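Visitor: Each chain, letter by letter, is given below.
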Amino acid sequence: MMELEIELKKASDSLKSWDTTSISLTAGCDLFMRYVTRTSALEYEDFNSAKSRLIERAEKFGEISYKARRIIAMLSQDFIFDGCTILVHGFSRVVLEVLKTAAQNKKLFRVLCTEGRPDRTGLRLSNELAKLDVPVKLLIDSAVAYSMDEIDMVFVGADGVVESGGIINMMGTYQIALVAHSMNKPVYVAAESYKFARLYPLDQKDMAPALRPIDFGVPIPSKVEVETSARDYTPPQYLTLLFTDLGVLTPSVVSDELIQLYL
Amino acid sequence: MHRAVYKVGLQYLAGDITGGNARCIAMLQAFSEAIRDYTTPAEKTLTRDLTAKIGSYVSFLIECRPLSISMGNAIRFLKNRIAKLPLTLSESEAKTSLCLDIDRFINEKIILADRVIVRHASTKIRDGDVLLTYGSSCVVEMLLSHALELGKKFHVVIVDSRPKLEGQSLLRRLVANGLNCTYTHLNAVSYIMHEVTRVFLGASSILSNGTVYSRVGTAAVAMVANAFSVPVLICCEAYKFHERVQLDSICFNELGDPQAVAKVSGRGDVNYLGSLGNKDNLQLLNLMYDATPSEYISMIVTDYGMIPPTSVPVIVREYCRDQLWI
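Sequence order for the protein chains is A and B.
If you read the first sequence in this note's numbering, its first letter stands for residue 16, the second for the next number, and so on.
If you read the second sequence in this note's numbering, its first letter stands for residue 71, the second for the next number, and so on.
Bear in mind the hints are in silico, worked out from the structure with no lab data behind them.
Given the structure is predicted, the values throughout are model-derived calculations rather than measurements.
Treat the hints with care, as some may be off.
Stated by the list, open to error - Here are the simulated lysine-lysine pairs, DSSO-like style, with alpha carbons at most 30 Å apart:
hint	chain 1	residue 1	chain 2	residue 2
1	A	LYS220	A	LYS31
2	A	LYS75	A	LYS24
3	A	LYS152	A	LYS122
4	A	LYS220	B	LYS222
5	B	LYS222	A	LYS31
6	B	LYS223	A	LYS220
What the hints assert, rightly or not - From the structure, some residues in chain A lie toward chain B, with a derived Cβ separation under 10 Å:
hint	residue
7	LEU154
8	ALA158
9	PRO251
As the list claims (entries may be wrong) - Some residues of chain A that are not near chain B, with every Cβ distance over 10 Å (derived):
hint	residue
10	ILE21
11	SER197
12	TYR215
13	ASP218
14	TYR253
For glycine and all other residues, C-beta sits at the position ideal for the given N, C-alpha and C.
Using the sequences plus the hints, can you model the full thing?
Guide: Next up, the structure:
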């Protein structure tokens, strides 16, 4: 039994090492390990039944994660009302699922997409939404505060949800959350529960760096530095609600869930 | 009155033992000795008589100095263990079992817990940091020494205040260890805060709404840090958590010696109040503790990991069920 756990750990470590910057991969692996090995029956049964119990729990974990997006989409339907304007930042498949479901339920809403330089997430997202016949408007990243008056809510996904209840997401999320908070607009985060990570950043620089090159289109003089970080940390006081497959949660519940799972 | 308990009580009265952990350990060790020397009188049961005896010791200690919350939790644990003793045990077996329980409590909940806290919290110290601490907390001292051993380069600012001036002993030990330190008083904290990158504070207890109950002055430091967007980290063992909720510092506190506010120890000539000190309409207030609201705290480092202040009732619910503390 111990050997099996060690093998699982080795497999999990090699998966994690493929992309050390991905928080959801690390968090997902850790949570899988905890979920699968958490049963107390492991010590008492014979090996084959313990193994089948582990496989059962593993498949259940996979099922939950797969269905997570549908559950989140269903939970968030109540928050999208007719005639609302939603601001979306970054390309999250969960948020796309939410908007798809809302469009299928014949809700009337329009979406403002930030351009999402340099990853061009806004262009990809507006393409997808145009296919669903949802009215879409593209904004450059600097036009968020300008348009915040006409926005009713902000929807973002998350790379990782940290222990304080804050989120780590594409660069620009913190800025938008600050603007939305100061103008009293709700910020909703759609994230699956396997993204809950045991991290606790105190400030923007307290995370493992994830850098990616930015192409400005023109050559930059060598003496000029470029900030290439791909993501930022949004503290929990700027987030209103988290839509997860565990339900609609406030940011302080994330730590509750993690404590119950990890200890 | 057992001599060990009497000795500990006098040490509290004189102020020789201060700090939640030190007081709790000293009290538990005195109780352990008292239990070892205890014999059940004729026609009395061990559990009831011993509980009554412990109760009388506790009353004596309260006379010397009001209990801290950590001591209160430890006493509840001990009374619980006494009540749960199986009736079939002989007297000597019961006594050994209780002494073992006390040793286990001290070891697991205080000593090992401190090591876990230090390990977690030292990951939050980076090279080039300027750390600020207030007063003298044993866990924060262990943390700073450990971070120094790990080879991290940082600077420490120790903020102190009258009348206890607890920071001076911490300063002496840290400077002897080789740390770069700055020492200042509470009135300069807003001046020095713009250079500080992290604030580490200890706590006497953390209440269920995330309020930190700690040495008077801690709230001021935490609020100034918050105004300068400096993260505030509280290092506190989980056995000090309490289900009580407190909204301000006045409703539950401890009064120290009022004359200590007016006088300076070692300087008999300083007597600015003079005859005013005896007037009826003047009250000298020397509070020992204050309550820091949870919105000024960034993170609490406990032996269960790093948690946000909103998760304190979760820890109390999950791990302190029935005050068993197992």
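Visitor: Each hint should be assessed against the structure and marked as holding or not.
Guide: Results for each hint:
{"no.": "1", "hint": "LYS220/A with LYS31/A", "in the structure": "22 Å, holds"}
{"no.": "2", "hint": "LYS75/A with LYS24/A", "in the structure": "19 Å, holds"}
{"no.": "3", "hint": "LYS152/A with LYS122/A", "in the structure": "17 Å, holds"}
{"no.": "4", "hint": "LYS220/A with LYS222/B", "in the structure": "17 Å, holds"}
{"no.": "5", "hint": "LYS222/B with LYS31/A", "in the structure": "28 Å, holds"}
{"no.": "6", "hint": "LYS223/B with LYS220/A", "in the structure": "18 Å, holds"}
{"no.": "7", "hint": "LEU154", "in the structure": "28 Å, violated"}
{"no.": "8", "hint": "ALA158", "in the structure": "27 Å, violated"}
{"no.": "9", "hint": "PRO251", "in the structure": "7 Å, holds"}
{"no.": "10", "hint": "ILE21", "in the structure": "23 Å, holds"}
{"no.": "11", "hint": "SER197", "in the structure": "16 Å, holds"}
{"no.": "12", "hint": "TYR215", "in the structure": "5 Å, violated"}
{"no.": "13", "hint": "ASP218", "in the structure": "7 Å, violated"}
{"no.": "14", "hint": "TYR253", "in the structure": "14 Å, holds"}
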